[in-house]
Amino acid sequence: MNNLKELLQDADPLRNEPAGSSEHRDAQRMAVLAAASRANRREEATPQSKVRLFAFLAVAVIVVLFLGERVWSPLILEADAAVRFEMRLAEDRRAAGLREAKIAGKDHPIYLHAEVIANNADIAAAHIVPDGDFYDVDIEFKTSGATRMRAATASHIGRPVAFLIDGQVIMAPVVVAPIGSYAEITGNFTKREAERVVKGIIGK
Amino acid sequence: MNGVDVVGSFPVAEVADPTERLAALFDAHYERLYRLARRLTASTDDALDLVQETFLKVARSPKSIPNGLTPEEAWLVRVLVNTRRDQWRKASARRRHDSTASIATNSREFEATLIAQNTVWQTLDVLSPRRRAIVVMHELEELPIPAIASLLGISAITVRWHLSMGRHELMHALKAGGGGTK
Chain A
0 MNNLKELLQD ADPLRNEPAG SSEHRDAQRM AVLAAASRAN RREEATPQSK VRLFAFLAVA
60 VIVVLFLGER VWSPLILEAD AAVRFEMRLA EDRRAAGLRE AKIAGKDHPI YLHAEVIANN
120 ADIAAAHIVP DGDFYDVDIE FKTSGATRMR AATASHIGRP VAFLIDGQVI MAPVVVAPIG
180 SYAEITGNFT KREAERVVKG IIGK
Chain B
0 MNGVDVVGSF PVAEVADPTE RLAALFDAHY ERLYRLARRL TASTDDALDL VQETFLKVAR
60 SPKSIPNGLT PEEAWLVRVL VNTRRDQWRK ASARRRHDST ASIATNSREF EATLIAQNTV
120 WQTLDVLSPR RRAIVVMHEL EELPIPAIAS LLGISAITVR WHLSMGRHEL MHALKAGGGG
180 TK
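For the record, the sequence lines run as chains A and B. Oh and the first sequence: position 91 is 90 in numbering that gives the first Met the number 0, straight run, nothing missing. Oh and the second sequence: position 10 is 9 in numbering that gives the first Met the number 0, straight run, nothing missing.
If you are wondering where the hints come from, they were derived from the structure by calculation, not from laboratory data. Don't take every hint at face value.
Claimed, not checked - List of simulated lysine to any residue pairs, SDA-like, C-alpha gap at most 25 Å: (1) A/K141 x B/K62; (2) A/K4 x A/H23; (3) A/K190 x B/N66; (4) B/K56 x A/K105; (5) A/K4 x B/T43; (6) A/K105 x B/L162; (7) A/K105 x B/S163; (8) A/K190 x B/G152; (9) A/K105 x B/P145; (10) B/K56 x A/K141; (11) A/K190 x B/K56; (12) B/K62 x B/R77; (13) A/K190 x A/I201; (14) A/K101 x B/A148; (15) A/K141 x B/S127; (16) A/K190 x B/M164; (17) A/K141 x B/R159; (18) A/K4 x B/K62.
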């Protein structure tokens, strides 16, 4: 992709514009430091309000803990429910031995291989990554899982691999290079959904 | 080892007073943040605004700043990219409506080469701020993928993913918009 790199380098405004003026820089520096001084003065001038805020928060925490036992238990249980995570090699075309499945949010189906190449037991860690209005899930495989993934996907370049959550194919990206230790699930999750997936995948 | 390396190895965080700390932080990282901001925005004014907003956010929460030059830089870069993301979301609808008119106006004002360069640069607007930051860091700052991952606090696979998608989106947009590749 050298052409794109060259295009970007040619268009790079830092190549074509004069260096930023010291006047702008000095004006910004003054504005930032003035804002910091104002913030410091406010903080020093209002210790009592901090005490009141702390007292209010302490009372709020007690109330939340009391109500939480009665009101929020079902929600918490739902958030912690285990998620069944699987990865399977897949194909774009129907063939013997493959199972047809729908990809969430897509019109076309995908055809899944029977063998699961990775599941919850192969995951070493998972965490959420914000991306715009949605959240992705980054996953890190254990050594054994990574070895198996690499072997399975190395011979599957140019063909799809399916990520399944609770039996539903949420994405089926084409393998452009063997998948090893890391992968990312870009499922357009809300934060709550992404947190549930992470908790379910790692079993905590 | 030369003198610059020794000076550079002292963490800015050792300055105790919050305002002095912020001043040291500004002096140490302003140029780097401006260069990134300029490559994430359409004009020098937008870049200056972005850098100022970034440091103003820092000024409001000085206790959040991590210690050490490298963690500071990574933290500031994340604040800047997130700030750009907020701006981008707010302006997204307006940007869609203005983009065509903006290119047409520029076409009358600049020489042919500059038009092509502007078109390429405006094409970067199709990318989300984080994806754009990753493309800029890799293609223009020539940072390796692990370094970008470390700066943005994400995994290397996420960086590779965004890089691949960003290149694809840019090539598609350039072809569709007549910016063309060689």
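Evaluated hints:
1. A/K141 x B/K62: Roughly 36 Å separates the two Cα atoms, so the pair is violated.
2. A/K4 x A/H23: Between A/K4 and A/H23 the Cα gap is close to 30 Å, so the pair fails against 25 Å, i.e. violated.
3. A/K190 x B/N66: Judged against 25 Å, a Cα distance of about 29 Å means the pair is violated.
4. B/K56 x A/K105: violated (40 Å)
5. A/K4 x B/T43: Given pair A/K4, B/T43 holds - Cα atoms ~22 Å apart, limit 25 Å.
6. A/K105 x B/L162: holds (23 Å)
7. A/K105 x B/S163: Judged against 25 Å, a Cα distance of about 21 Å means the pair holds.
8. A/K190 x B/G152: The given pair, whose Cα atoms are some 17 Å apart, holds under the 25 Å limit.
9. A/K105 x B/P145: violated (32 Å)
10. B/K56 x A/K141: Not satisfied, since the Cα-Cα distance of roughly 39 Å exceeds 25 Å.
11. A/K190 x B/K56: Status holds; Cα separation ~23 Å.
12. B/K62 x B/R77: holds (16 Å)
13. A/K190 x A/I201: holds (17 Å)
14. A/K101 x B/A148: Violated, at roughly 33 Å.
15. A/K141 x B/S127: Violated, at roughly 31 Å.
16. A/K190 x B/M164: holds (22 Å)
17. A/K141 x B/R159: holds (20 Å)
18. A/K4 x B/K62: This hinted pair is violated, its Cα atoms lying about 39 Å apart.
Going down the numbered hints, you'll see the structure goes against 1, 2, 3, 4, 9, 10, 14, 15 and 18, while the others check out.
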